[in-house]
Amino acid sequence: MSVQDLEKIFQDKIDADIRIEPKDWMPDAYRKTLVRQMSQHAHSEIVGMLPEANWITRAPTLRRKATLIAKVQDEAGHGLYLYSATETLGTGRDELLEQLHTGKAKYSSIFNYPTLTWADMGAIGWLVDGAAIMNQVPLCRASYGPYARAMVRICKEESFHQRQGFEILLTLSRGSEGQRRMCQDAINRWWWPSVMMFGPNDDASPNSAQSMQWKIKRFSNDELRQKFVDVSAEQVKILGMTLPDPDLAWNEDKQHYDFGVIDWDEFWNVIKGNGPCNKERLEARVKAHEDGAWVREAALAYADKKRDTVKKEIA
Amino acid sequence: MSNQWPLWEIFIRSKQGLDHKHAGSLHAADAEMAIENARDVYTRRMEGVSIWVVESKHIHASNPDEAASFYDPANDKVYRHPTFYDLPDELKHM
Chain R
21 MSVQDLEKIF QDKIDADIRI EPKDWMPDAY RKTLVRQMSQ HAHSEIVGML PEANWITRAP
81 TLRRKATLIA KVQDEAGHGL YLYSATETLG TGRDELLEQL HTGKAKYSSI FNYPTLTWAD
141 MGAIGWLVDG AAIMNQVPLC RASYGPYARA MVRICKEESF HQRQGFEILL TLSRGSEGQR
201 RMCQDAINRW WWPSVMMFGP NDDASPNSAQ SMQWKIKRFS NDELRQKFVD VSAEQVKILG
261 MTLPDPDLAW NEDKQHYDFG VIDWDEFWNV IKGNGPCNKE RLEARVKAHE DGAWVREAAL
321 AYADKKRDTV KKEIA
Chain G
288 MSNQWPLWEI FIRSKQGLDH KHAGSLHAAD AEMAIENARD VYTRRMEGVS IWVVESKHIH
348 ASNPDEAASF YDPANDKVYR HPTFYDLPDE LKHM
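Protein sequences, first through last, are from chains R and G. This note's numbering applies: residue 21 is where the first sequence begins, and numbers increase by one. This note's numbering applies: residue 288 is where the second sequence begins, and numbers increase by one.
Source of the hints: derived by calculation from the structure; they are not laboratory data. For clarity, every value in this text was computed on a predicted model and none was experimentally measured. For each residue, glycine too, the CB sits at the ideal point set by N, CA and C. A portion of the hints provided could be inaccurate.
[What the hints assert, rightly or not] Dumping the calculated DSS-like pairs for lysine-lysine here, alpha-carbon to alpha-carbon at most 25 Å:
#	chain 1	residue 1	chain 2	residue 2
1	G	K308	R	K331
2	G	K302	R	K43
3	G	K344	R	K325
4	R	K126	R	K52
[Stated by the list, open to error] Stretch by stretch, here's where chain G covers chain R in the computed footprint (C-beta under 8 Å, at least three residues):
#	stretch
5	47 to 57
6	200 to 214
7	257 to 263
8	309 to 321
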């Protein structure tokens, strides 16, 4: 069969909403796009543990501490679901980690911002996880089977992350003057980076059309961003706080919120590695990997030894 | 590369009476570790009562490219389905 025939069969399947599975024929560019997007997502989950781990030892109550540990543990799990799904495309775990550690692969730039106060745990849960959920729910229907299945699992677990975050902010918003200030300050710092999480505007996002045709993506960056702004602009009222955007206003004609211009220079700057914590995050990941090397080697040596013992006993 | 722990496929029984179902995969040095990791990765919210692990290299799969011919023998045998048989409506309990 010619490549054109195979491509047609492939696209017909996608158009008919039939999932693509690991052993099915797929265009190289589809495979490459998936490996890039899925590994980037996996890396984001793994690096995303760092800003929150920063507050585990300083959580204000045992309940908050247990919750935060569970959330960080979920993120490790989400990273693993996604790494495994990516590996079905033929790229090994070692290679994926190597790409992260050398800076060749990216992760979500939101995790290059520092977590300065306890309120940041609330703002991350509400806004960062909220934006992530907005992005991730449509991915549960992505055309690649293992990716879609991993996303279903992730979305089920993610909802608690957002709710616990909002609860943290709600508690602070009903607290002392100082706590309310801390709450507002965290919202101020996390709002714009969260809005940027949806990626460049549609007219500056050249790969989007192809990803839509392949049904890896179901909604455009700007559509999802608008939805996020609309939802958040209402939710913030319950906190009695404000979003740091003087242009934010309900537009009766559009039935959507208008919002201010995004500082894309900041966005690209952080992606290029000049965010407040890029260096620190990557160093922490590399160090964890290197410090764990002896554990991985010892476990392998132990497994080999056990296998040899069994062989000898049989002989 | 040779230092990488082997890959395992994970199957989970969500409750007694149901089949084990494929949940995903993970790396582990041996079967015992694969089961413990599977517990931490796939059953953090009581999603399982039993776990099977199989090293991925032991899984053999049919070839999707040959699906058309491979499943062809069943394709023209509608008489294997109960609705194929034309029976009067008065006939009850069948």
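Cross-check of the supplied hints:
no.	hint	in the structure
1	G:K308 / R:K331	31 Å, violated
2	G:K302 / R:K43	30 Å, violated
3	G:K344 / R:K325	20 Å, holds
4	R:K126 / R:K52	14 Å, holds
5	47 to 57	violated (count 0)
6	200 to 214	violated (count 0)
7	257 to 263	violated (count 0)
8	309 to 321	holds (count 4)
Checked against the numbered hints above, the structure breaks hints 1, 2, 5, 6 and 7 and satisfies the rest.
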